[in-house]
Structures are given as C-alpha cells and as structure tokens.
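Just so you know, the protein sequences line up as chains U and G, in that order.
For what it's worth, the working numbering labels the leading residue of the first sequence as 1, then goes sequentially.
For what it's worth, the working numbering labels the leading residue of the second sequence as 1001, then goes sequentially.
Hint data in this document are derived by calculation from the structure and do not stem from the laboratory.
Nothing here was measured: the structure is a model prediction, and the numbers come from that model.
Warning: the hint list may mix true and false statements.
Heads up, simulated DSS-like pairs for lysine-lysine below, C-alpha to C-alpha not over 30 Å straight-line [said to hold, decoys possible]:
(1) G/Lys1212 x U/Lys152
(2) G/Lys1152 x U/Lys220
(3) U/Lys178 x G/Lys1283
(4) G/Lys1164 x U/Lys212
These are the residues of each chain, in order.
2 protein chains.
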Amino acid sequence: MLYENLDKANDAVVEKILAAQPFLVDVVPAKSVINKLEDKVLLHAGPPIKWEEMTEPMQGSCYGAVLFEGWAKSKEEAHSMLEKGEIEFIPCHDVNAVGPMGGITSGNMPVLVVENKEHGNKAYCNLNEGIGKVLRFGAYSEEVINRLHWMKNTLGPTLSNALKLIDGGMNLNVIVAKALTMGDEFHQRNIAASALFMKDITPYIQQLDIPKEDLIAVTKFLADTDQFFLNIAMAYCKSVMDAAKSIGEGTIVTAMTRNGKEFAIKVSGLGERWFVAPVNMPKGLFFTGYSQEEANMDMGDSAITETFGVGGMAMIAAPGVTRFVGADGFNAAQEISDEMEEITFSHNQNLAIPTWDFKGAVVGIDVRKVVETGITPLINTGIAHKKAGVGQIGAGTVRAPYGCFTQALKGLVEKYAEEEKN
Amino acid sequence: MLYENLDKANDAVVEKILAAQPFLVDVVPAKSVINKLEDKVLLHAGPPIKWEEMTEPMQGSCYGAVLFEGWAKSKEEAHSMLEKGEIEFIPCHDVNAVGPMGGITSGNMPVLVVENKEHGNKAYCNLNEGIGKVLRFGAYSEEVINRLHWMKNTLGPTLSNALKLIDGGMNLNVIVAKALTMGDEFHQRNIAASALFMKDITPYIQQLDIPKEDLIAVTKFLADTDQFFLNIAMAYCKSVMDAAKSIGEGTIVTAMTRNGKEFAIKVSGLGERWFVAPVNMPKGLFFTGYSQEEANMDMGDSAITETFGVGGMAMIAAPGVTRFVGADGFNAAQEISDEMEEITFSHNQNLAIPTWDFKGAVVGIDVRKVVETGITPLINTGIAHKKAGVGQIGAGTVRAPYGCFTQALKGLVEKYAEEEKN
C-alpha cells in the first residue's frame, strides 16, 4: 500500500471528501450520459437484483418506467415483458448514478449532473417528483406517468438552460453548508436547501425565452417540492464518495445502499466489491390510515447521504426531524449524533453544526469501529407501502445491518494480511 | 379592572398574542394609509425626538428621505430645511407603523401592510433595502436614493399586485413557525423566512403582466436580500402587539423601541404612555476596518420582535446567530433563552423551538419580573456607524435599560393602587 498504515490511508480518503467541490452543472436525459440506457435497460437502487427478487414497490416503479418509455401500453404488458426478462437491470451505482427508493431510472428520464471539480468525476440522479403518488415509491398511475413526461419535456430542459447561464454551474458546497445550519440533514429534511436552490435558480430561469405557463409551472413545482434538493444531495454525495473511493485503500465506507432485499456497502480498500446482508425493516411514523404492518423493507440509494456523513449521521443538525421519524426530542437527536461519532473517522469542519456547538458533521464511517463497537450507521428514510402502486406511507429510521461490516472487515483483513506477506 | 387580578389580565394579553392571525395583504405608498405623510412629515424610530437630538445616522436617513421626496436638491438644502424645522417628525409607533434602525419613512416610500385578521387591526413597515449603503443605517448617496425610487416604482407595485392574487393575503404565522425551526430568530437572521417568502410569492409575481427586466430585477432583489423578511416580521409583531395592547390592563410589555438617545417601552396596563431611559451601547462584532469606538448608540423599532418574543428573546432558536452577534456557542444561546424565560409570562406553543427541546418561544415580557430579577430583555441588533452616510458596521446585542421597567412598574402601582381605593 502507498500509505504507511490504515489510518494514513483513511486520512487520504477523508481528505478527498473534505476537498470535494461538487457543482450542479446540468440536467440531461439519462441516456445521453449513461450509454447503456439507449437499450431496454432500467437502473435500480441497491446492489444487483433480479426482477423476481424485487419487492413490490420496486416492481411498481418498473411498470411505471416501462409505460413512460412507451415499451408497453399497459401494466399487464409491462409485467409480461419484465417477467420474460426483456428488460435488463443495472444498479445505479454501477454507472456513477444514484436513485432514491426504487431508484428506477430509464433513458428518457432527466438526470441531474453533479461534477466534483476537484476530482473531475461526475455523478447522476433523477429528479425529485414531489410527494404522494410518485414513481420512486412504486406508483405508476397515469398521473405519475404524465408528471414524468412533463419533467422530461419541460422541467429538465428548463433547469438545464438555466444552469448553463451560471458560470461554472451551481456551487453545492455553499447550499449544503448553509442549509445544515437551517435544520436540514438532506435525507428526510431538505426544506431549507430546496428553498435556497429555488432562490438561486429562479432569476436564471426567468431569463430564458420560455412560454409563461412553463415558467409558472416550473416555479410552482420547485416552490411546492420541499424534498427537491434530496436528489441533488444524493448526486452531490455520490460525486464526493466516488472521488474518495479512488484512493483505493483504507477502511472507510464509500457507499451504502439497499434494494428492498439486501443492504450493501463498499469500502475504500476494496474498490467495487459489495458486502451484503439482509435489509432491516424501517420503523417510524405512518401517515393516517397506514401502519407498520404495511411497510416495505428498506430500499434506496439515498443512504449515500449517510455514507457522506449527513442524513441520520447528522441528526443533531435537524432536531425538527427527530419527531417526524419517530425519535424523541432534542436530546434523542444529540444521543444519535454522539453515537455516530463513535464509528466515524473525523469531523467535517466545512459542515459546522450550530446545534452541536459548532462541531463539524461526522465524516468517514470506519468499518473497524463499526465492528468493534457494534454500533451500525443510522439511516433516516421514507417508507413505501409493500404493495405496488400505493406509494409512500411514512418515514422513519433504520439501521445498516452489522453483517455488511463484519464481511467487509474480513475482506480487508484478507487483503492487508496478503500484502503483509508480500 | 375587568379582570380578577393582574395575572388574569396578563392571561388575556397573552391570549391576544397567541390568537393573532397576521396576513401580509398589500404593499402601498405610505401616505395612502398614513394620511399625515401627505405633508412634509417624516416618521422615525423610537419615542418622540427632535432633529437636533437625533444621532447622525438618523439625521443621515432624514437627508436621504428629503432628497428622495424631492423636497430638496442637495444634502445642504435638506440640512437647512431640517434645521429650520420645516419637516415635522412623528414616531412610527404613533401611526401603527414600525421602522428598522432610523426608521425614517416618507409618504412615497412603499410600506408593507400586515392585517391581524383575528383583531382586525393593521400594521405597517417600510421595505428592506438589502445590505451595505442603505437609508436605514444613515446612508443617503445617489445609489441609496435610486434604489428607493426603484422600490417605489417597481418593487412595491409588483409585490402589491402579486399579493392581490393570493386569496386573503399571505399567512405569516405559517412562515414564522417554519422559519423558527430553520434557525431564524427574525431580528439578526431571516435567511430562512426570506427564502420561504420568495418561494411563496414568486409563482404569483410570474403571473403578472410586467416587463421581463422588472420580473428578473424583482426576483434577483428578493433572492439577494436575506433580511427582506425582517421588515415583514416587524409589521407582523407590531400587528400582534397592538392587538394585545387593546386589553388595556396588566403588566405585559407591548412595545420596546429606541431612537439612538432613549429606549422606550409601553405596557399593557398603561396604553400609549412611553417609559423612557437612556439607550445602551450595543456590543458585538464589527465588519473589517470598523470597531466598537465607531458604533452608534442603540436605535430602531426592530425591538418589536423581542417584544413579541423572538429576536434575542429566542436566541436558542438561532444558535447560528450567537457567534455573529459576539456571543459564544450553543450553550450561550441556551443560557440567554433560559434567562429570558425568567422575565416572561408564558410560552408560545405556536412557535415550538426544536433546539429548546420543542419548548415554545417565550411570550409576554412581564414588567414585574424584570424589576424583581434585574434581568432586562436582550436585543439582537445591527450596529450603525456614528457618522451619517457610512451605514452598517456590525451586529451585536444590547440590553433594554432597567430604568424603563422601574418607571413602568411605578406607573402600574399608581394606577392599580388608585383603582383599589375606588
């Protein structure tokens, strides 16, 4: 190894995280940047999974994407194609992308392009659709498909053209640092970041030569979509963690994700290898009329936010979220952050948290510390109904399964023991 | 008295505060709602003050207002008119208005109209001009006057027309409750509320038939002006506290304000009487190149925010502000809020503060408790240069002088002792 020891390697990984300069530079059709999406291919959240293994909300998202792309005319036809294996599946993470919940992304869906200017890499994520009946939670009704078409034809191109007016793109570090002092943790709560994003982009949107009804519709959508920044935050975190991964050594977690069946992590010393274990069931609060019994298992690439050190890892920054996800008050939030401190390598002074007496957010989940302490990362998450087509029914928290970390540590021991011998 | 005892009277005052329903309904030329401004009259912050007693930044604001109104062609001519007594002065508070810092408001300046729909009263405040060289801090250069004309001709009418598209106006309780969970205390920090305001108003502005350059300029101004909501918050608090004042009994402070020379309070049992004492000097942090020696004495009607229970009274809601105003970290913010709890009557459960373990903001400064404990309200404030024309040089905190409260208590004792006899 290039580094004196694992701590030095981890230093290098964390330095890559702290030095990142992610800018939102464009919004483009997914297939224009992910070539495999030219074919009948869908991206999904989590580690590799087959159609028949998917839980229903992810399958529901697939129906929606197939209908949106016009590959089938009905849910039944879509189901038949999917069952016959006519659609290929690729994890988002395999193509520099991430997707919330089902993560189902097809070629004509617009994706955010975040460029980490320090490292030169790019990351992609689809656009947030708002709340209620949305594809990412497994809904595929006409309303959902129509919205996706509007996002493809109007929202995406408008954001793209507006971003091109900003020299160098939009500096996301600025928004993230500000919004963290405004009660956002970027997983369950993005209300401040979404408002700041809208505030920054709208003067540029207004300069475009677009029909007035489109201007109003785009602005209204951004104003109404409090979680719009979630998907930007995910691409932001992915661009940072992919750069960190390039170090190729150390014991820092570089990705955490779930496909409804398996939870998977990558670790800085072992490149693209997934370490998997069965997902846990999220617990939390449910919308009126729904309950824990109807909840789907844990799902989505959105745990990339916790991998970076926000979301549940920065609970203390967002005490307003603790009650919403079923935790107690301010002290509970502080206890969670103090606990997460025990399994992380350092603090991110770019992200000072006023409510934590200006301590920086945690950074660098260390596999060794997770295994040693038995403390697993806490993830804030939306909860889908286990039946396809229903959508979101609540929000809560879930733990990453311990098994991912013990396996990763085993892999690390094998690698570094091997090196020792040579 | 109608009430059994002072506590019951205070209950009624606080109920008026908690029941308030302030809506931002319009933006209009000041003289259209404050008839006295049809003449050569200027409103100023604080209790009554004569031209020759004003500190320089307030005098600088007067030059600017006289130039803006076209009553004089030069600073020298304005000075001569003011010195000869050709301009009449009225406190903002005398005409249902408030104004930050100098508070200087003339007839053609646009004012926000906030209607407290529960009580039926209205309150007014001028529009925030942004930072740097601005009238409220005593600047009166061409840049300042040109901006005021743009606000009169473009910003004001645009906001007015947009607000008319919102049925019933904009519900400010919603924005205030949200922004309080986003680190705003509405005096030194309004970044969340300003972003939320812009997010809510922009879709309506876009529906107007106005030139594209005006649309872009208005949006850019709102996007760039992080303190835009301060003036809305001031009119909001004024509309609430004026309704509370209508109870006419009790020991709750209904106004606090300063004119650079005197600090003044009103108290619920004694109507419009001002109780005054010399102002204190604000202490805090200064912009590069400036120091405490150049600071002007305490000034502005903005302490109406503390009167309502936010600003310095809700420091714990805005730990991000504590360092900016020269206080220490999170614990210092908590200590200040715990201290303010000792001099207030109750908690405002409409304004739950996550960082205070979801306790409501304090409400109802009780003159008796201030006198008994010796604890005076803490006010967050901007700091002006003591010379006219320079503008803001820092921000900090200042205490309301104890003398106002002892005098008010004396007045209350006289009143209620008198009633006892009858």
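- Broken hints, by number: none
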